[in-house]
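To convert, count from 1 in the sequence shown and add 480; that's the numbering used here.
None of these hints come from the bench; they were simulated from the model.
In silico EDC-like pairs for lysine to aspartate or glutamate, Cα to Cα no more than 20 Å straight-line:
1. K520 to D599
2. K580 to E570
3. K520 to E505
4. K589 to E578
5. K589 to D492
6. K531 to E667
7. K612 to E570
8. K666 to E678
9. K588 to D575
10. K531 to D658
11. K566 to E554
12. K589 to E654
13. K520 to E544
14. K520 to D673
15. K666 to E654
16. K531 to D492
17. K493 to E654
18. K629 to D599
19. K612 to E578
Pair by pair, the computed Cβ-Cβ distance ranges are:
20. A640 to A581: 27 to 35 Å
21. R610 to V690: 41 to 49 Å
22. A482 to E578: 44 to 52 Å
23. N495 to E578: 21 to 29 Å
24. T485 to K589: 18 to 26 Å
25. N627 to E678: 21 to 29 Å
26. T545 to R657: 40 to 48 Å
27. L682 to S515: 16 to 24 Å
28. K589 to R639: 14 to 22 Å
29. K612 to S685: 43 to 51 Å
30. D658 to I510: 35 to 43 Å
31. E505 to A482: 48 to 56 Å
Glycine is no exception: its CB is placed at the ideal position from the N, C-alpha and C atoms.
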Amino acid sequence: MAPSTYTYERIDKNNAVLLVVDHQEGLFLIARDQSATDMKSNILAHAALAKVFNLPTILTTSAETGPNGPLPAEVIALHPNAPLIKRNGEVNAWDNSEFKAAVKATGKKQVILAGITTDVSTAFLALSLRSKGYTVFANSDASGTFNAKTAQDANDRMRAAGVQVLSLFAVACELMRDWRNIPGTKELLPFFDKYLPEYGFLARSHDAAVQSGVLSGL
Numbered sequence: 481m482a483p484s485t486y487t488y489e490r491i492d493k494n495n496a497v498l499l500v501v502d503h504q505e506g507l508f509l510i511a512r513d514q515s516a517t518d519m520k521s522n523i524l525a526h527a528a529l530a531k532v533f534n535l536p537t538i539l540t541t542s543a544e545t546g547p548n549g550p551l552p553a554e555v556i557a558l559h560p561n562a563p564l565i566k567r568n569g570e571v572n573a574w575d576n577s578e579f580k581a582a583v584k585a586t587g588k589k590q591v592i593l594a595g596i597t598t599d600v601s602t603a604f605l606a607l608s609l610r611s612k613g614y615t616v617f618a619n620s621d622a623s624g625t626f627n628a629k630t631a632q633d634a635n636d637r638m639r640a641a642g643v644q645v646l647s648l649f650a651v652a653c654e655l656m657r658d659w660r661n662i663p664g665t666k667e668l669l670p671f672f673d674k675y676l677p678e679y680g681f682l683a684r685s686h687d688a689a690v691q692s693g694v695l696s697g698l
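Let the hints inform the model, and build the full structure from the sequences given.
Listed below in structure tokens is the structure:
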């Protein structure tokens, strides 16, 4: 077997910035490739992940005084001191000089982002960042668009440019790397219990079995 030329670059919590891109209440209504319940949870989880890992965070909106609407109050409450760049015309956030300056000011070389819509807000920015040499991780769970086909096309386009498209769970686990780290088990299990109940209930089931369960005998 020929040696591989691939280098696995993992998300580094010390070298990453998290971007919340156009997760606006009006745009939320056109994210139809997942349920509204899942979309809301994933949007809030994306913003909350930055708090768990103490990542610098930048928020941005597009024409929020029109039908696109504002960011959810819960997102603002999570990051009351983060830069909030209110774009009045630029579709691609990278075309806004204030937003671009805010990203550069973090000094980070890795970018975790998600937005509505996947094919515009997420993809346009991700492609621009890749062209400037950033390593980009697109949280597909917290990005939404009109339908599954449009989402797939956008994700294919990003992947072709070297963007890593991955789930919320993968982003969280790659940031953590080891359950014994800090943040680790103590910080991540409550996060998963709130935003990824499938995993949260797995942990609850384990706790119940340890405390008062009966072995299955398997």
